[in-house]
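Engineer: If you read the protein sequences in the order shown, they are chains A and B.
Residue 1 is where the first sequence starts when you use the numbering used here, and the numbers rise one by one after that.
Residue 1 is where the second sequence starts when you use the numbering used here, and the numbers rise one by one after that.
Just so you know, the hints here were simulated from the structure itself, not pulled from any lab data.
When the alpha-carbon atoms are kept at most 30 Å apart in a straight line, the in silico DSSO-like pairs for lysine-lysine are as follows: (1) Lys310(A) with Lys61(B); (2) Lys155(B) with Lys127(A); (3) Lys315(A) with Lys299(A); (4) Lys139(B) with Lys177(A); (5) Lys154(B) with Lys127(A); (6) Lys315(A) with Lys251(B); (7) Lys116(B) with Lys288(A); (8) Lys245(B) with Lys275(A); (9) Lys74(B) with Lys314(A); (10) Lys167(A) with Lys116(B); (11) Lys236(A) with Lys74(B); (12) Lys197(B) with Lys177(A); (13) Lys162(A) with Lys150(B); (14) Lys282(A) with Lys121(B); (15) Lys127(A) with Lys116(B); (16) Lys150(B) with Lys127(A); (17) Lys162(A) with Lys154(B); (18) Lys116(B) with Lys286(A); (19) Lys162(A) with Lys139(B); (20) Lys155(B) with Lys170(A); (21) Lys155(B) with Lys167(A); (22) Lys251(B) with Lys282(A); (23) Lys286(A) with Lys251(B); (24) Lys170(A) with Lys139(B); (25) Lys275(A) with Lys61(B); (26) Lys162(A) with Lys197(B).
To list a few chain A residues with every Cβ distance to chain B over 12 Å, as calculated: (27) Lys14; (28) Pro148; (29) Gln227; (30) Glu232; (31) Lys236; (32) Thr241; (33) Ala285.
Positions of the beta carbon are idealized from the N, C-alpha and C atoms, including for glycine.
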Amino acid sequence: MDVLESGIAELFQKPDVWGFREWVHKHKDKTLTSKLMSEQEAVAKLVKDGDYLGTELYGTVRAPMSITREVIRQGKKHLRLAGQGIHEIDLLLAADLVDAIDITYVAWEVYGISSILRRSVESGRVKTADWSNGAITWRFKAAAMGVPFIPTLSMLGTDTLKHSAAKVVKCPFTGQKVALLPALFLDVGLIHVHRADKYGNCQIDGISGFAFELARASKKLIVSAEQIIDTEEIKKYPEHTIIPYFLVDAVVHAPYGSHPGEMCYMYWRDEEHLKTFLEDSKDVAKTKAYMDKYVYGVKNHEEYINLIGKDRLKKLETMIGGR
Amino acid sequence: MSQYNETEFLICVASRLMQDRTIAFVGTGIPMLAASLAKKMHAPNLIVAFEFGGTGASMEKLPLGVGDSRTFHKAVVAIGICDTMENAQRGFVEYGFLGGAQIDMYGNLNTTVIGKYWPPKVRLPGSGGANDVASHCWKTIAIMRQHDTKRFIKKLDFLTTPGFLTGPGTREEAGLPPNTGPYRVVSNLGLMGYCEKSKRMMLLATNPGVTVEQVVKNTEFEMLVAEKVGMNEPPSEKELKILRKDVDPDKLYI
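So that you can see chain A by itself, here it is in the shape it has in the complex:
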């Protein structure tokens, strides 16, 4: 298969299929042992400087915010990220812990572009490679399949392809041009779910975004959960298990773990908090003040929750609406 075109971006994480297989063979424990631990323990044990991290879903929606804040408190640096995000990526960038992003979309949707992303990339501090949203997920899917690449018809003919690390080839079956996306194996995946048992069997309500793919593309997987439930409950509804325990390395109990983002059927996004952050993020000093108060100023997620206030969180619960 001749390569017709190559994206010129650096491949921040090379697909290492055999390496991944060896890793999971050696490290993924199939015995039923409790992986319940604090966020401090999970991050200290599983995240290293220089790791390639992925988060799911994104910033304001079922995002692993409590774990992200802990990664920042522990100052894990020279991170590389798969960038589909908002608040979580803004915080990691604001803490100056990121060297490179495989970016698809980092912005505030309704409220516009990210000032923190702008400062980080326009100053030349953070390197980028661009991908479509589908492409990033299919890269996880390739990793989840255990293969080095996956073909797609996205990104063809565009600068998005040119500034990615994809390659265009002629399909050996049909002769058509296809873009090959390199599998994206994560060093660490962070996912926030509705319910998990202590072993790591997870249930998610509502859309599952790319949790299925990201969980299976992660060498190490930290799961935070709103609720810890009995394994008996999990086994009653096995069709709801999107992540089985043997993929998981740590389970952290994190009520309101997605705050200030939403958690469907549980609590709505904290608009006031998000808007204040968004305003603050336009200014370097105010961004720092936010980080000092909400990230560095608390010891753990429990303190964060107390800082936000139970009344406010209860109110967000009433705002989410039913099914």
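Guided by the hints, dock chain B onto chain A, whose structure is given.
Structural biologist: The following block gives chain B in isolation, referenced to the frame of chain A:
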């Protein structure tokens, strides 16, 4: 006739392009409002698809993002991004509704950078799902809130999302699915389509009070003008009432 603002008009024009019993892949912002309005007006069976996995939502409440819980409220399915994107890739999705910072005469869009790629003068959000949507949906509709020479430009700083690329046949040459591509552009000044032969953008209708010259002057590239330029009907009383009372009562956009 009630007073209305440009954004309200834009939403109404975009909404009228949405057809009942089709799937519309909807990006964040104006497309969501247009879809919500369409479902309450002429297209109750419009299937609204959001990239993170919500398909067929009731659109009773305006989503604030393409993954929030309102994107699958009373929906027919809530799965994940692969399902939605792959539906489009295998030809199930008729329309894609997108926004952009810059558009060129072939309907290509930029949402990635202003200036050179890295480090850029301005780092914009990136493709998100836009590139996927415009690669795979049968017809793509771009919604541009501000029609001026900085946004309707000759050369994009970065081609994020494919229109007709560099002219007739070039989408197919690049490997994109045949018979797909840009269909309409809705701006605050009017409605554009594309010349069948040259695949270049062509003015089809202006908004009331807007002249053809005004559209041409506010476009950096040479805007083709249809033989007969129509006029977009202003928002009806019914459209405005639904838009203000039901679609965006919190005035997030309008």
